[in-house]
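Chemist: Turn these sequences into a full structure, and let the hints steer you where they fit.
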Amino acid sequence: MRKLLSANFARLFKSREFRLGLGVMCGFGILAVIMRYRDTLLDPESADKTADALWFLGGLFISIALSVVISFWIGTEYHDGTVRNKVIVGHTRGEIYAANWLTCTAASLMMYAGYILTLFVCGTLLLEPFATPVRVLALSTLASLPAVAAMSSVFVMIAMLVSRKSTGAVIAMMTALVMLLGAITVYSRLSAPEYHENTFEMAVNGEIVPSDPIPNPKYLRGAEREVYQFIQDFQPVGQMMQFNAEENTPDHIERFPAYSLLLTAVTTGIGTMLFRRKDLK
Amino acid sequence: MNDVLKTNGLTKRYRDFKALDGLTMRVPRGSIYGFVGKNGAGKTTLIRLVCGLQFPTAGEFELFGVKNTDPAVSRARRRIGAVADSPSVYLDMTAEENLKQQYRVIGLPDDSGIGELLELVGLGETGKKKVKNFSLGMRQRLGIAVALCGSPDFLILDEPINGLDPQGIVEIRELILKLNREREVTVLISSHILAELSRLATRYGFIDGGRNMREMSAEELEAACRKCVRAEVTDTPVLARVLDAMSLDYRILDDRRADIYGKPNLTQLTLALAADGCELLSAKEQDESLESFYLSLVGGERHA
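Order-wise, the sequence lines are chains A and B. All you need for this note's numbering is the position in the first sequence, starting with 1, plus 14. All you need for this note's numbering is the position in the second sequence, starting with 1, plus 292.
Any given hint could be a false lead.
Not close to chain A: a few residues of chain B, all C-beta gaps over 10 Å, as computed [to be verified]:
id, residue
1, G351
2, E354
3, N425
4, F426
5, V477
6, D500
7, S509
8, E512
9, T526
10, R543
11, R548
12, T562
13, L572
14, L573
15, A575
16, L589
As a list, the in silico PhoX-like pairs of lysine-lysine whose alpha-carbon atoms are at most 20 Å apart [stated by the list, open to error]:
id, chain 1, residue 1, chain 2, residue 2
17, B, K310, A, K295
18, B, K359, B, K298
19, B, K310, A, K292
20, B, K392, A, K17
21, B, K576, B, K555
22, B, K424, A, K28
23, B, K519, B, K576
Treat the hints as calculated values from the structure; they're not laboratory data. In this text, a Cβ means the ideal position worked out from N, Cα and C, and glycines have one as well.
Modeler: Written out as structure tokens, the structure reads:
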């Protein structure tokens with residue numbers, strides 16, 4: 015395993031995909047601060063002058079970057095046939111899968127750290143100091159790391175089970191898009207107001223008068239709301255969406271690491287089991 | 293344990309197609325085993341199974357005495373090097389980087405042998421050239437170099453001379469012979485280029501339709517393929533008597549024809565036959581090549 019990790023990391027640090035992914039995440043951090051800085055110049059009165067709300071923006075979009083980096087990095091092993099060299103010299107399938115998972119998860123965390131560090135440095139230089147206490151930011155960031163690991167696990171599973179590099183990349187990117195769009199959709203349903211406020215009605219005399227709030231038919235209630243909330247809490251991009259939208263301290267933050275670890279365990283378990291049986295032509 | 297590899301009724305099925313159908317063979321330690329078969333005969337499938345890239349549907353094999361069902365087979369695989377299918381090399385790396393990568397995978401602490409290995413396969417001058425810009429022959433050589441990382445005891449090469457130029461073929465042949473003679477590496481080479489195999493192999497296994505047709509030593513094959521004169525006579529019992537008296541090997545084909553091995557003196561033979569009242573009607577030199585021997589094994593009518 016140690017040997018595989020040594021080989022994997024040596025290849026990772028040389029790989030164009032990883033360097034590009036890291037560059038994109040750092041660039042995204044810089045861009046986010048510059049855009050916010052521009053807003054403060056254009057609208058000094060009402061624009062948010064801190065980078066607090068940008069802290070988890072990178073976490074929201076990292077799924078797209080990870081899907082590309084991981085599928086291409088692992089896909090190269092199939093495309094060039096080099097995964098066979100590992101099996102031929104006696105490494106077990108379980109070791110190969112675990113080493114790839116560890117490498118990709120480390121790469122994912124490095125990309126995530128790249129975004130956060132860039133945002134922190136640029137935000138400190140260009141914007142006002144962070145309003146959220148450092149301790150809260152640190153704890154929230156820590157709680158979001160399992161979500162990044164879970165995203166990585168999903169894409170590692172796809173890349174390890176689909177032998178064609180291009181097909182694997184397409185499936186991974188589609189999955190990332192579905193996760194992102196799913197999180198946005200579920201969030202919009204969950205954040206729908208229970209009542210329509212500021213409504214008016216016509217009185218008997220024909221006069222328009224303010225009415226009582228009208229119940230919103232799109233508001234999720236009961237079991238349906240719980241299911242939506244569970245989906246949003248469970249899937250890692252949904253967690254990031256909540257970190258991003260709820261001022262870095264989501265309501266169910268304590269559940270997130272457990273759900274992410276569960277997703278990681280399930281995808282890694284399934285991936286390892288199927289990879290053990292896979293024909294490596 | 294004198295066999296490096298032993299298979300017993302090895303079968304691999306892809307849905308309705310049997311790529312291997314009860315293959316039983318053994319590769320003795322120290323041999324160069326020529327695994328002969330046409331395209332699709334099951335050669336590559338066997339190599340994939342032995343290398344652990346695929347799993348048998350039925351049957352079993354032993355690698356260095358360890359059964360494929362034993363988890364210790366992974367440890368036994370540390371003693372093999374293989375080029376299965378096409379060469380497995382990173383296209384975006386140089387030859388040297390590829391070998392360094394394989395050294396890490398194997399866990400070799402010192403990569404000082406890489407230069408020597410590259411020289412050995414004739415890639416010492418490739419420098420910073422990426423593998424994606426290599427010719428097929430260069431990739432094939434690099435694949436062999438990767439397989440040689442870790443100094444394997446058993447080298448498995450699937451069609452190793454594919455894509456090589458004539459000089460490359462000679463160099464790879466010399467390399468295989470050198471590894472076998474000097475380092476006592478057992479080699480399994482699959483090929484359908486029989487003439488090339490015949491310059492290397494010490495043992496042969498013929499396969500067709502996933503089944504092994506025959507295993508034989510190089511000496512046995514040479515005997516089966518040796519030159520002979522096909523003689524047509526009026527009385528084969530007389531011919532047999534005369535040939536026995538002349539100490540010549542022969543094979544009676546029917547009541548009028550026989551194959552006489554070696555180079556008989558036809559004048560002496562004709563005179564000896566005439567003395568016993570037998571006429572020599574015709575004599576034609578026959579040379580059964582490796583190809584025709586293989587075709588006769590797998591059934592010539594299917595290859596007509």
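Chemist: If a hint holds in the structure, say so; if it does not, say that too.
Modeler: So, going through the hints one by one against the coordinates:
no.: 1; hint: G351; in the structure: 17 Å, holds
no.: 2; hint: E354; in the structure: 16 Å, holds
no.: 3; hint: N425; in the structure: 14 Å, holds
no.: 4; hint: F426; in the structure: 12 Å, holds
no.: 5; hint: V477; in the structure: 15 Å, holds
no.: 6; hint: D500; in the structure: 22 Å, holds
no.: 7; hint: S509; in the structure: 28 Å, holds
no.: 8; hint: E512; in the structure: 31 Å, holds
no.: 9; hint: T526; in the structure: 60 Å, holds
no.: 10; hint: R543; in the structure: 44 Å, holds
no.: 11; hint: R548; in the structure: 53 Å, holds
no.: 12; hint: T562; in the structure: 61 Å, holds
no.: 13; hint: L572; in the structure: 58 Å, holds
no.: 14; hint: L573; in the structure: 56 Å, holds
no.: 15; hint: A575; in the structure: 52 Å, holds
no.: 16; hint: L589; in the structure: 28 Å, holds
no.: 17; hint: B:K310 / A:K295; in the structure: 16 Å, holds
no.: 18; hint: B:K359 / B:K298; in the structure: 9 Å, holds
no.: 19; hint: B:K310 / A:K292; in the structure: 18 Å, holds
no.: 20; hint: B:K392 / A:K17; in the structure: 12 Å, holds
no.: 21; hint: B:K576 / B:K555; in the structure: 11 Å, holds
no.: 22; hint: B:K424 / A:K28; in the structure: 16 Å, holds
no.: 23; hint: B:K519 / B:K576; in the structure: 11 Å, holds
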